[in-house]
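Asker: Take a look at the letters that make up each chain.
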Amino acid sequence: MTKITLKVNGTEVSEDVEDNLFLAYFLREQLGLTGTHVGCDTTQCGCCVVHVNGTSVKSCTMLAVQANGAEVKTIEGLAAGDVLHPVQRAFKEYHGLQCGFCTPGMIMAAVDLIEMHPGPLTPEIVRDEMEGNLCRCTGYHNIVKAILAAADEMRPAALEQP
Amino acid sequence: MKISDRALKAVGKPLARNEDLRLMTGKGRFTDDFSLPGQLWAAMVRSPYPHARINGINSSAALQIPQVLAVYSGADCEADGLREINHNPVPSTKYDLKLTGKDGGPVFIGTHPLLPTDRARYVGEAVAMVVAQTREAALTGAEAVMVDYEVLPFVAGTVEATQPGAPILWDGQADNILVDSRFGDQATTDAAFEKAAYIVSDVFHIGRVTGVPLEPRAALGHYDAQTGRYTLYAGSGGAVRQKHELAHVLCEDPKNVRVLSFDVGGNFGTRNRAYVEFGLVMWASRKLGRPVKFRADRSECFLTDYQGRDLVTEVSLAIDANGKFLAMRASNLSNVGARCVSLSPLSKGSGLITGSYDIPVATLRSRAVFSNTMPTQAYRSSGRPEVTFAIERLIDKAAKQLGIDRFDIRRRNLVTPAQMPYLNAVGSTYDSGEYETNMDKLLRLADWDGVPTRRADAKRRGKLLGAGFANYVESSIGTPKERADLIVAPDGIEVVIGTQPAGQGHETSFAQVTADLLGVPFERVKITLGDTDIVSAGGGTHSGRSMRHASAVIALGADDLVAKARLIAARIFKADEADVEFDDGIFKVAGTNITSDWFDLARRLQELQLPDFKDGLRIRRDNEMHTPVFPNGACMCEIEIDPDTGALEITRYATVDDVGRCINPLIVHGQTHGGIAQGVGQALWENCYIDPDSGQPQNGSFMDYGMPRFNNLPFFKTEISEVLSPTNPFGVKAGGEGGTTPAPAVMISAVEDALAPLGITGIEMPATPLKIWTAIQRARTSKASAGE
Numbered sequence: 006m007t008k009i010t011l012k013v014n015g016t017e018v019s020e021d022v023e024d025n026l027f028l029a030y031f032l033r034e035q036l037g038l039t040g041t042h043v044g045c046d047t048t049q050c051g052c053c054v055v056h057v058n059g060t061s062v063k064s065c066t067m068l069a070v071q072a073n074g075a076e077v078k079t080i081e082g083l084a085a086g087d088v089l090h091p092v093q094r095a096f097k098e099y100h101g102l103q104c105g106f107c108t109p110g111m112i113m114a115a116v117d118l119i120e121m122h123p124g125p126l127t128p129e130i131v132r133d134e135m136e137g138n139l140c141r142c143t144g145y146h147n148i149v150k151a152i153l154a155a156a157d158e159m160r161p162a163a164l165e166q167p
Numbered sequence: 037m038k039i040s041d042r043a044l045k046a047v048g049k050p051l052a053r054n055e056d057l058r059l060m061t062g063k064g065r066f067t068d069d070f071s072l073p074g075q076l077w078a079a080m081v082r083s084p085y086p087h088a089r090i091n092g093i094n095s096s097a098a099l100q101i102p103q104v105l106a107v108y109s110g111a112d113c114e115a116d117g118l119r120e121i122n123h124n125p126v127p128s129t130k131y132d133l134k135l136t137g138k139d140g141g142p143v144f145i146g147t148h149p150l151l152p153t154d155r156a157r158y159v160g161e162a163v164a165m166v167v168a169q170t171r172e173a174a175l176t177g178a179e180a181v182m183v184d185y186e187v188l189p190f191v192a193g194t195v196e197a198t199q200p201g202a203p204i205l206w207d208g209q210a211d212n213i214l215v216d217s218r219f220g221d222q223a224t225t226d227a228a229f230e231k232a233a234y235i236v237s238d239v240f241h242i243g244r245v246t247g248v249p250l251e252p253r254a255a256l257g258h259y260d261a262q263t264g265r266y267t268l269y270a271g272s273g274g275a276v277r278q279k280h281e282l283a284h285v286l287c288e289d290p291k292n293v294r295v296l297s298f299d300v301g302g303n304f305g306t307r308n309r310a311y312v313e314f315g316l317v318m319w320a321s322r323k324l325g326r327p328v329k330f331r332a333d334r335s336e337c338f339l340t341d342y343q344g345r346d347l348v349t350e351v352s353l354a355i356d357a358n359g360k361f362l363a364m365r366a367s368n369l370s371n372v373g374a375r376c377v378s379l380s381p382l383s384k385g386s387g388l389i390t391g392s393y394d395i396p397v398a399t400l401r402s403r404a405v406f407s408n409t410m411p412t413q414a415y416r417s418s419g420r421p422e423v424t425f426a427i428e429r430l431i432d433k434a435a436k437q438l439g440i441d442r443f444d445i446r447r448r449n450l451v452t453p454a455q456m457p458y459l460n461a462v463g464s465t466y467d468s469g470e471y472e473t474n475m476d477k478l479l480r481l482a483d484w485d486g487v488p489t490r491r492a493d494a495k496r497r498g499k500l501l502g503a504g505f506a507n508y509v510e511s512s513i514g515t516p517k518e519r520a521d522l523i524v525a526p527d528g529i530e531v532v533i534g535t536q537p538a539g540q541g542h543e544t545s546f547a548q549v550t551a552d553l554l555g556v557p558f559e560r561v562k563i564t565l566g567d568t569d570i571v572s573a574g575g576g577t578h579s580g581r582s583m584r585h586a587s588a589v590i591a592l593g594a595d596d597l598v599a600k601a602r603l604i605a606a607r608i609f610k611a612d613e614a615d616v617e618f619d620d621g622i623f624k625v626a627g628t629n630i631t632s633d634w635f636d637l638a639r640r641l642q643e644l645q646l647p648d649f650k651d652g653l654r655i656r657r658d659n660e661m662h663t664p665v666f667p668n669g670a671c672m673c674e675i676e677i678d679p680d681t682g683a684l685e686i687t688r689y690a691t692v693d694d695v696g697r698c699i700n701p702l703i704v705h706g707q708t709h710g711g712i713a714q715g716v717g718q719a720l721w722e723n724c725y726i727d728p729d730s731g732q733p734q735n736g737s738f739m740d741y742g743m744p745r746f747n748n749l750p751f752f753k754t755e756i757s758e759v760l761s762p763t764n765p766f767g768v769k770a771g772g773e774g775g776t777t778p779a780p781a782v783m784i785s786a787v788e789d790a791l792a793p794l795g796i797t798g799i800e801m802p803a804t805p806l807k808i809w810t811a812i813q814r815a816r817t818s819k820a821s822a823g824e
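Residue numbers (my numbering), protein chains in the order written: chain D, 6 to 167; chain F, 37 to 824.
Bound-form chain D, shown alone (with noise of 0.2 angstroms):
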């Protein structure tokens, strides 16, 4: 058992810990963020994703124990209050997602990707950026144009300079 204490969602949390916990369990099973989901604890699928220090970790494979002093933001955080991030109104308004399993994942691994970027995203870029996160009902053809749409409202004018 190790103590760590790390910021969740802005909120400061001390918690003694198992060495050999993941931070994906520790925050749906410890803190019960049940948002996080985990679809193959082997880093392949990206159901996972959290921003750790604001840059898209995959849960499932670090440890709790490498996560104290840091900043985690988990989906249940994206949001602003009743104020969706914009992320999530485009998944919504372009139907980026069905069963809603790989969502948080795939919403946390956007927003790193359009916030982190740099220069212009294209189709093929958010592709190619976003291949760590599998999805099984949307083809991902929705969620291309979600994130790409999002991409649009989000993006100071510096960032899409190629």
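Just so you know, the hints here were simulated from the structure itself, not pulled from any lab data.
One should not assume that every hint holds.
[As the list claims (entries may be wrong)] Short, incomplete list of chain F residues facing chain D, as computed with Cβ under 8 angstroms: (1) 69; (2) 73; (3) 75; (4) 296; (5) 299; (6) 333; (7) 539; (8) 702.
[As the list claims (entries may be wrong)] Not everything, but these chain D residues come out facing chain F in the computed CB check (under 8 angstroms): (9) 49; (10) 52; (11) 58; (12) 60; (13) 80; (14) 97; (15) 98; (16) 103; (17) 106; (18) 135; (19) 142; (20) 145.
For each residue, glycine too, the CB sits at the ideal point set by N, CA and C.
Assemble the complex: chain D is given as a structure, and chain F must be docked to it using the hints.
Answerer: Chain F only, in chain D's frame:
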């Protein structure tokens, strides 16, 4: 109820979904999101052998492990009198083709106990369960259970399992064949083949794939000794069905079983049959007095989720000198795996072997065989991609053989609208459709005329362009019964119904239907699903049945509800019932200025507490509807192959799908996209490969099972065609699975078109770069040696 287009305000609109908000904000309710105080964890001991006798199970070492509480085997299940899962695998609605055993006898379906006592029959079959305080301890315990296996010869291959001398899975059976039925007219078919100018034949294996819902299957069972009731949290394709099946397993009155299936992370048929772990966690909870949870990891899902397809089909087409189809012969062989869970794929495919074409006579032999593999189940368009692949690939072959353009030969043979309803040669009655129109629309949508230009352009870039095409017709049958409760409260209308979505948007599309039928705003309707203490009956979601069955029973229920509301209004307003008129959500007493709407009526009724209407403004309606519908369409794709690497890129993909009435185009297009991806996946990447020497499945993770991904799929052009079905009130057929049905045929059609200049035919699915590259190398080598 007759549906007037005037009343349709929400139906037909691409409304965003009611489901989305909770799913996008982390508030979904998937099975593993539930935990109960004091819960224990279960892990399965799984057979490492495809076939082995279980001579004993020693749990003493496992029980020494800290936190391990119990180890249970099949003998323990038997001692407690647990029954087998009664899958009821033989399709039995009025319009299902009737499958039989050999010589017309009953189908031998074997047994499916929670844990076997005699033999393990496939790799991954659970033979014991360990329950512990934590999941880690349960998994460690499972590794410590010593099973005394006597390894037996196995058979995994579909054709191999039918052959004399193959290891037999079930005692008392002469072989592994459980179904052997013949359909159609032998004499007239033989006569037609006699006089045919051409006979075109082929054999295809539509391989084994798996559904891969992204939510791993999970179950949380809780037995409450105070009430004597079981509760199971487990996502599925229909909680009501699971409730009854699990009550049977536990020898319990169904009223003492509650099943909760809220958000379900993908199904595709995979979750439509009960899993042994569901019964096991319920039983273990009773034995140990605490809730018990199970969660499969991804490898367990690859190994032991019910799998799909695996059909071998031998087909021949008799054709006259003008390219008109005269007759067809088919022999289909379905691999059901080690235990017979569902014969739906074989049955549904059997009724559609003649595809979209007017083939006057046909014979069909339908067989099913046991093998030492994971049981198969209906998967994303059960049985239809298989037979569509057979007829469409055969027609492409015939076109080449006869030297007729592939569209011309299809046009000469398509079933016409004038022939509807059309009785095909194996007894299926197609309800409606405009097949040639679909084809024409598609060719325009996809700019088929531009293929030669694009092919030349690809060639300049060193690529081989292939254009694939297929028509399809499929069937939506499904459990015939559905129930809806329609409940009007002062603040809204609730519909309780027994379907089970896994992403299909029932909370939205059913609300659209209800809103228009009752003349209320869409926002005022709420759909309740998935808790068997609230949902008393219902057929679940499979076979594209839900929109059709739901809209039908809600339409009937709406009629009843209006009738009841008129009675209530008459009483409240002291009018004659005959004078209460209803139009577009408003009740009006004729000749007065008295009007009321649903919510006003419900409020007044609540206040007045009329003794005759104590249950409030609500009705319960049951409907039984057997008549199937036949969604249909046309599909094309274009690919470019790099001949140096065998790499394939999909550059164009378009479909026209006749879904009947489209309730929500946003949802239907989305369903089609996902359906396409799954069909394309089977054609190009997906395969549950079993090593023939060891019988070991080789695909245990996303590293070794080829999934459709962001960067191997294109955008799709999908167009909806609405030819209303005459079989149900809204004219609904079905959407989504039409994306899957033609996809394998259309992809392989494109691959063969691309490779035709090299003289390559017969690429098997999945058409991986290695297979394509190898075929190209062979063709070049043989061309070179021929030239020497």
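Asker: Please write out, lowest number first, the hints stated earlier that are contradicted by the structure.
Answerer: 2, 3, 4, 11 and 12
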